[in-house]
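Undergrad: Residue numbers (this note's numbering), protein chains in the order written: chain L, -15 to 743; chain X, -15 to 743.
A portion of the hints provided could be inaccurate.
It does not matter which identical chain is used: a pair holds within one copy or between any two.
What the hints assert, rightly or not - DSS-like mimics (lysine-lysine), calculated; alpha carbons at most 25 Å apart, straight line: (1) K487 - K583; (2) K573 - K583; (3) K592 - K573; (4) K592 - K579; (5) K552 - K487.
None of these hints come from the bench; they were simulated from the model.
2 protein chains.
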Amino acid sequence: MRIKNLAVIKLVIIAIFFVVVSCEKKPEDVLESKSASEHPSLILSKQGVKDIRANLGNIPIFDKTLAVTQSEVDAEIKKGFDVPVPKDYSGGYTHQVHKKNFLMLQKAGVLFQILQDEKYAIYVRDMLMEYAKLYPTLPLHPQTRSYARGKLFWQCLNDSNWLVYTSQAYDCIYNYLKPEERATLENDLFRPFANFISEGNPQFFNRVHNHSTWGNVAVGMIALVMDDDDLLEKALNGLKTDNLQEGLKDNDGGFIKKKGQKVGFLANVDEPFSPDGYYTEGPYYQRYAMYPFLIFAQALNNVKPELKIFEHKNGVLLKAVNTLLNLSDANGDFFPINDGQKGMSYYSRELVTAVDIAYYFGGQNPELLSIAKKQNKVVLDDTGLAIAKGIRDGRAVPFVKKSIEFGDGPNGEQGGIGILRSNDLELVYKYTSQGLSHGHYDKLSFSLYNNGEEVIQDYGLARFVNIEQKGGGNYLKENKTWAKETIAHNTIVQNETSHFNHKYEIASKNYSVKYLFDSSNSELQIASAKELNAYHGTELHRTMVMINDKEFENPFVLDIMKVNSDKKNQYDLPYYYMGQIMKVNFKYKVPSTLKPLGKENGYQHLWKEGYGKSAFENAKLSWLNNGNFYTLTTTVEEKDDLIFARIGANDPDFNLRRDPSFIIRRNNTQNTVFASVIETHGSYSPVSEFAVNATSAISKVKIIYNNDSYTAVSIENINGKTKIFIISNNDASKESKHNLNINNMEYQWVGPYNYTNIN
Amino acid sequence: MRIKNLAVIKLVIIAIFFVVVSCEKKPEDVLESKSASEHPSLILSKQGVKDIRANLGNIPIFDKTLAVTQSEVDAEIKKGFDVPVPKDYSGGYTHQVHKKNFLMLQKAGVLFQILQDEKYAIYVRDMLMEYAKLYPTLPLHPQTRSYARGKLFWQCLNDSNWLVYTSQAYDCIYNYLKPEERATLENDLFRPFANFISEGNPQFFNRVHNHSTWGNVAVGMIALVMDDDDLLEKALNGLKTDNLQEGLKDNDGGFIKKKGQKVGFLANVDEPFSPDGYYTEGPYYQRYAMYPFLIFAQALNNVKPELKIFEHKNGVLLKAVNTLLNLSDANGDFFPINDGQKGMSYYSRELVTAVDIAYYFGGQNPELLSIAKKQNKVVLDDTGLAIAKGIRDGRAVPFVKKSIEFGDGPNGEQGGIGILRSNDLELVYKYTSQGLSHGHYDKLSFSLYNNGEEVIQDYGLARFVNIEQKGGGNYLKENKTWAKETIAHNTIVQNETSHFNHKYEIASKNYSVKYLFDSSNSELQIASAKELNAYHGTELHRTMVMINDKEFENPFVLDIMKVNSDKKNQYDLPYYYMGQIMKVNFKYKVPSTLKPLGKENGYQHLWKEGYGKSAFENAKLSWLNNGNFYTLTTTVEEKDDLIFARIGANDPDFNLRRDPSFIIRRNNTQNTVFASVIETHGSYSPVSEFAVNATSAISKVKIIYNNDSYTAVSIENINGKTKIFIISNNDASKESKHNLNINNMEYQWVGPYNYTNIN
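Produce the entire structure from the sequences given, and follow the hints as far as they go.
TA: This is the structure we're talking about:
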């Protein structure tokens, strides 16, 4: 290489001088150099960094998280980074590398601030500069499956993930960078990036959907760092015009544009969250969405405190954290309603962020400290510092999950979900709206847990998220043909067809109706709801009661499903019990060859393992699971078919679990009631080999009264004591007085139900 | 009632005086009154009691156990006791009460000694007196199922349990009792009781069987308390004459009398225990038998130290404890070979006793302290005191389970069991003898564990021990029709018939032959054995290798099953993998209706869920279980049928678990080799949703050489590196030199096998 003239030599000398000078700067000096707008300010703050540094070594859980993060990032710095030309879907190399990169950028940025070691800033700067070189050269991502293809990734969703994290990294090294470096990054990378996922993809950006939330937040985060109010406005309230047609759908079958739909971040808070903080897609997706919602709220609160984002919609964002924690079982696993993968829990990284933010901005609730303590890590910022100090100072108190109801829908008036809890027993009763494209067709379904063990399961989804061998880690076809179908759930199926005939367009316009929820009496808690639209001409009314009666060893569940129709139908009521059958009280046959239970609507996936009829008024099924005994006692009629089924038919790729079900099939019936009691009783230890209290304590369950106004069920125990439960079917008022004669006995009570001794 | 004369009045007054005096004695005085032979001496000793009392309050784990025991016994004393006329089988009231009584008697006796509170002695005395009143009136137990009916219980076995525990109670209050009370108890209860279960039931007492062990020990324990050497002689060496016919069987199908059979306690130590301390029935029954063996050994050692019982057969009794601990997985659960119920573990009460005794009498091995620490309770005697002190003083070190082989048979020459361990992987390879009446027909079978999770399972038994609803808690008929059959295990089935044609008489005369066991090289551990008699005219030779090769993420298993026969057969080799299928590499069909795989020999219990053939040399099956991925890569021939099966056909009572199996079926073949590699790789977390290393690292497994002398298998990994493993089939000498040409490559090595790079 030949040097052409003196001017160039001068330039080189000046450049070398600057590099030398910047290398010689001590870390402290780096942070002293102030710019016009303060940085960091997005998530970390200058004051926050000072506080953190002052406490280091004295905040165990924070120190531990920091050490783990440092060793992880140091290892990556040592390895060096790659910024490859995008090529692959989720499982592939370029996808994984770009994903790792944004996670590392964010962490390195934080480490630069906290440890004030320049190597982290250099790592962030150098990698961002590579991205700034690559990005302008990129066409659309070569993989075509998405309705909104990205550039770094196959979908704009992942591009948005990238920007949410990278904005934080940029903020952390903002002041470290020279103005011309900032100019390069903003002009070649961040602005075109933000424009692409917004103006360039209105079908992605201008929606109410978790995808759009990520898009809005990505644009909003970089807007705050760059102090760009126009961009921020787009993030908060969406694009003014988008030229999208109403009724357009994405590749998951969800609607893109609905009439009169507001868009942008604020609309994404307003609509899918109910006032109770329930996110309409269910807890699995609420968990996924919580990160962008809360991280952006934290940034807005830091940079634009005048927006009072944490007070928006009565503080729904912080309330939602509490809601989500209450939607988990005793192990912290989220209830897998709708498309939820089992095992996802409050130990996820999203919930670490959520809990830390909720603690810091939500009044430092000491119950959250006990969750953070179990999580055993914190966010490396002001919120994590506060949590770490709280735990260190022994301020944690147990997070007590109580019985609670959450309304669904923007105004909380589109049904809801009721959780009844008593001792170790947790009942999840679902009477929500459809839950967007991730909803299942399971109106009035329920699931039951005993100390975190599934007693009556909700199947969850048919997908192995991110496991490439199983359909690329995406939704499997059995998610539609099995997991979403009604028969896959613990609720009524009429004539072997799913609710709303499995039509999303219809289902998404309807929701169940809350009838009654009362957990104020710990001896009898009740949740009751109606569904009027799942089957045209049929009304379903299910009442679930958790009774804590000293006559019984444990609380038990009374389940009353009342069906009224304008014609005769076949009704199937399945119970997806988990465990090994111990005993049944009726005669049945097991076939010598197994055939599917039906041809379609999910029935094609069930093997018919056995079938029988009961000569008694009750069918009883007892089973054992993980050291506990359970018994279902259900009222049956002579013509009922009692079916033992097992999942797994027509499953050529072994995508489904071989779990069992017990189905009560009532044929050729117009109006009817199914009444069942589910007990948990006794225990078995394979170590002591003692079986304690292994049999049911209930001798009879009987429907002793049923008309439009009232339904009454009697429950007799093996000691001959009988209780009756009466519900008023059309008057849930707490004040109403009732008077009813059943079998020559007079019952008088006030309020929607009555539970009393009969002898 | 009229008083007849003065003499009677005098007697009454004297009696009252004695009662008052004895009531007024202070507890200390009670123990000071010495009798000729010292008591307690059986399990507790006078010195031991002093030591325990001196340490109370300062030995946490002992103090805790004591407190629990005290509160339990106090509650029983408060309730009062019942000594009902015997009537029921195991599930019923009288059985349960008599069982509780002997447990309480033993505990109360110990509490009397340690706490020196007279109420415990009174409780024991009064209850024993009730038994002394009842016993002489008792006919045989009314239930007739047993080959040796008891009096208190339906079988002599349970009567013996009663006496083993009660003898200890009697010893503890011996000195507290008046001579006439002792006379009553001995004459009316203990002597006739001991005579009944010995002379009265030679078919029970004069055997080598765990039943007889209990009988021998019961008689021996009471003999030691009563200082009766004649009785002790019967216990140790059996009855001199028994008039039993050879070939007689019990109701479980086990032999009662074999030709030249020695009997009594010492014979029961000599025969079922191998010199390595392996008990031929397997660990589940070894655990059951350990209590009488060890408690009597402790008593003998205390009272008759000159017998040096702990040195008998080179100290096999103490060695057996170590053996049993090594026969457990990472969670402490015993490997469920033969009739073993899953979940039984070293947390059982029998193992608490065993570990405490082994520690105290076996050289205070500090590794046992770590087991006792996990058990979190101790025996309330000298042995428990020693353990508690060791733990308190921080002397516990981890119990490290290593790879180990245990010979089976009285001389250790009837096959054996090999355990190979590397990191989290544990392989259990069974080439034992039949294992008496609790043995399964599964020569050369194996099971595999990863950190305590089953990877390739052994089914265990078909029984729900003590769960009354399931066949009275006894063996279910499926134990014979399924669990014992060969196809229920991971080994070769020829022509769909079980080993030895499921004939106990033949099976019990045969055993597999150890060929090679070497765990000295942690990079390659090997266990190899042959079975020559399971099928007439067919020789099986299976070699299992655990290879820890840095080219692979984790250690993996190489499984070579070589079959030579004098005719063509069908061979089935099942793998009972646990988990959900991720991927297979061959084409298969799933049937639209499920049929059983066969008609008999266990096949009638398998549903045929899928079947295919491989166009490649290897069939691959990958599955996921509890967050780990596994892959089986197995050599197949074009004609092989690859079968997906599931347990559960012809199971009218839902007694069987619906677990899956993958079966390689080789048709119409005379001599052949099955070579397979089982990998554990990667991980999946439903919380992070990261799937790491989810696919197999092996691209090809190939049998590259096979004749009578050598079998060689090559293993190629996905990076193109190939290793070969050669085993010499008929020369296991470590010194032999071998020289072999395979595909124009020369291999030279010393010893029975060679593992080397091929490129």
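Undergrad: If a hint holds in the structure, say so; if it does not, say that too.
TA: Hint-by-hint comparison with the structure:
no.: 1; hint: K487 - K583; result: within (18 Å within a copy, 45 Å between copies)
no.: 2; hint: K573 - K583; result: both (22 Å within a copy, 19 Å between copies)
no.: 3; hint: K592 - K573; result: both (11 Å within a copy, 20 Å between copies)
no.: 4; hint: K592 - K579; result: both (6 Å within a copy, 13 Å between copies)
no.: 5; hint: K552 - K487; result: within (23 Å within a copy, 58 Å between copies)
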